[in-house]
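K.L.:
Each chain, written out:
Protein chains: 2
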Amino acid sequence: MSGWVKIAGLGPGNEALVTPEVTAALAEATDVVGYIPYVARVAERPGLTLHASDNRVEIDRSQHALRMAAEGKRVVVVSSGDPGVFAMAAAVFEALENGPDTWREIPVEVLPGITAMLAAAARAGAPLGHDFCAINLSDNLKPWAVIEKRLRLVAQADFAMAFYNPRSKSRPEGFVKTLEILRQECEPERLILFARAVSRPDEAIRIATLAEATPDMADMQTVVIVGSSLTRVIDRPIGPIVYTPRSTPE
Amino acid sequence: MSGWVKIAGLGPGNEALVTPEVTAALAEATDVVGYIPYVARVAERPGLTLHASDNRVEIDRSQHALRMAAEGKRVVVVSSGDPGVFAMAAAVFEALENGPDTWREIPVEVLPGITAMLAAAARAGAPLGHDFCAINLSDNLKPWAVIEKRLRLVAQADFAMAFYNPRSKSRPEGFVKTLEILRQECEPERLILFARAVSRPDEAIRIATLAEATPDMADMQTVVIVGSSLTRVIDRPIGPIVYTPRSTPE
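Chain order of the listed sequences is B and V. The numbers in UniProt numbering rise by one with no breaks, and the one at position 21 of the first sequence is 21. The numbers in UniProt numbering rise by one with no breaks, and the one at position 55 of the second sequence is 55.
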C-alpha cells in the first residue's frame, strides 16, 4: 500500500506561520480534505483534488481520508492551528480505531502547527509564560459539569488558562457561566485577553480585567486567555505587553 | 530608533518545523542571542553576530538583547520550541519591565514556534486531543508545594498533562515525587509518554503505564505527557497510536 494520511496543522491563518513540513506534505498530496475555510487556504494544482466539507462532520471526513489512503492516495487532512489541539487528529484516530483492521496498516502522521493560543499569547506578550491549561469550552461532546469542575480546580491551582470555542450562536450561555465561575474563584483585577482572528488581516486583541469582561467579547473566532494571579501588564507608549513572570514567590 | 527585538521559536530541533516568519527574522537580524545549542542552529553569515551564552543567564541575555536594540541593532533572541512556553519571552519582558524607560519604546515581537509538547504529541498520535495542561516541573523559580498542589488538582480534574524540565542532575528528586503524587491520584493503567529529543536524529519515544514508569525514563531532554483517564492506545502492526478521544461520557 503506497497511500498515507498526514494530518497537518495550517496554523492560525497567516501563511508565514505554516511550517515547511506542512508545505512539503501538501506538495506531495493527491487529495486534501477538511473544513471548507481551511481547504480554501490550499492552492489548487493539477493532480490535487480538494474535498471541502462542513464542520460537525469530523468522523465522516476522517473515514473518507482513510478510505482514500487505503486505495493508495496521498491524503492531507488539514486543520487550522495544531491538529492535536481540539482539531482533526483525535477524530482521525477515532475513525481509525473503529474502522476495518486494514486501516491499521495505513501510515498516518500528525504534522504539528502553531495553535491559536500560542499565536495569541505571542501577540500579547507571554501570558502563558508559566504553568497553563487549555480547555475546550464547547459542551457538544462533554457534560457542562466537567467543564465547570475543571475551571474551578485550575483557577484554584492558579494556572493561566486558554479557552478554545468559548462561545457560539448555538451555545451562548456557556461563556456567561464561565465568567460567573471565574468571578467566584478569581479576583476582579485578573487579566483576560480576547484574541480574535489572530495573524489574519482582521486580527483584534483586547485586554480586560475580569471585572470588565463581558460575554460578547468572545465568539467562535476568539481564543480567550485568562492570566494567573501573577500575570501583569507593562504599559508602553507603543502598546501594552501582558506577561506571566517565570517566578512564583514562596 | 530603528532597532528591534524579535523573540523567536526555533521549534523542537528539525529545521522543517521552523516557521517562515522566524526564518525571515533571522535573515534580517544583525545579532542573535541565546543559549549555546540554540544559537548553534543559526547559520553564520556576513553582517550577523552570534552571541551564545550558557543557560541560567536568561535575564543577562535579555538585557543584552534590549541594550543592543536600543543602539539600533536588529536582535533575534532564539528559544527552542515556542518562546512563550517556559522559554525566553517572559525573561525578556521581565528585563524590559525592570529596565530603563527608554526600553519601552523598542519594538518587541514574539514569533511563535512548535513547542515540545505539541511536537511530542504529534509523534505519538493525539494524547493532548482534549483538555490539557502544561507544567514546568523545575522548582528553581517556584516552591515545590505549588507544583504538588497543581499536580493534584489537575489530576482530580482529569486533564492530560505535559511536563517540561521533568528531571535534571541537580533536581533528581522532583520527578520521583511527581510519580508518587500521580500514583496517589490516578489509576495504575494511566498512560505516560516519555518523548526525548523529538524531531531530532536521536528521537526516542516510549509509552508506559503509570505502574511501569520509573524516574530514569525522563531527563532534561524529555517532555513527559500523562494522559487523562480516557487516553487510549490503538495497537497497529506499524506501531501504536496514543490518543485522547474528543468526547467525555456523562
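Accuracy of the hints is not assured; some may be wrong.
The list makes no distinction among identical chains, and a pair is therefore deemed to hold if it is satisfied within one copy or across any two copies.
In silico lysine to any residue, SDA-like type, Cα no more than 25 angstroms apart, as pairs [as the list claims (entries may be wrong)]: (1) LYS149 - THR214; (2) LYS177 - GLU148; (3) LYS177 - HIS51; (4) LYS142 - GLN156.
These are computed hints drawn from the structure, not numbers from a lab. Just so we're clear, the structure is a prediction, and the values are computed from it rather than from any experiment.
K.L.:
Confirm or reject each hint.
P.N.:
For each hint, the structure was consulted:
no.: 1; hint: LYS149 - THR214; result: within (21 angstroms within a copy, 30 angstroms between copies)
no.: 2; hint: LYS177 - GLU148; result: within (9 angstroms within a copy, 29 angstroms between copies)
no.: 3; hint: LYS177 - HIS51; result: neither (37 angstroms within a copy, 49 angstroms between copies)
no.: 4; hint: LYS142 - GLN156; result: both (22 angstroms within a copy, 17 angstroms between copies)
Hint 3 from the earlier list is the only one contradicted by this structure; the remaining hints agree with it.
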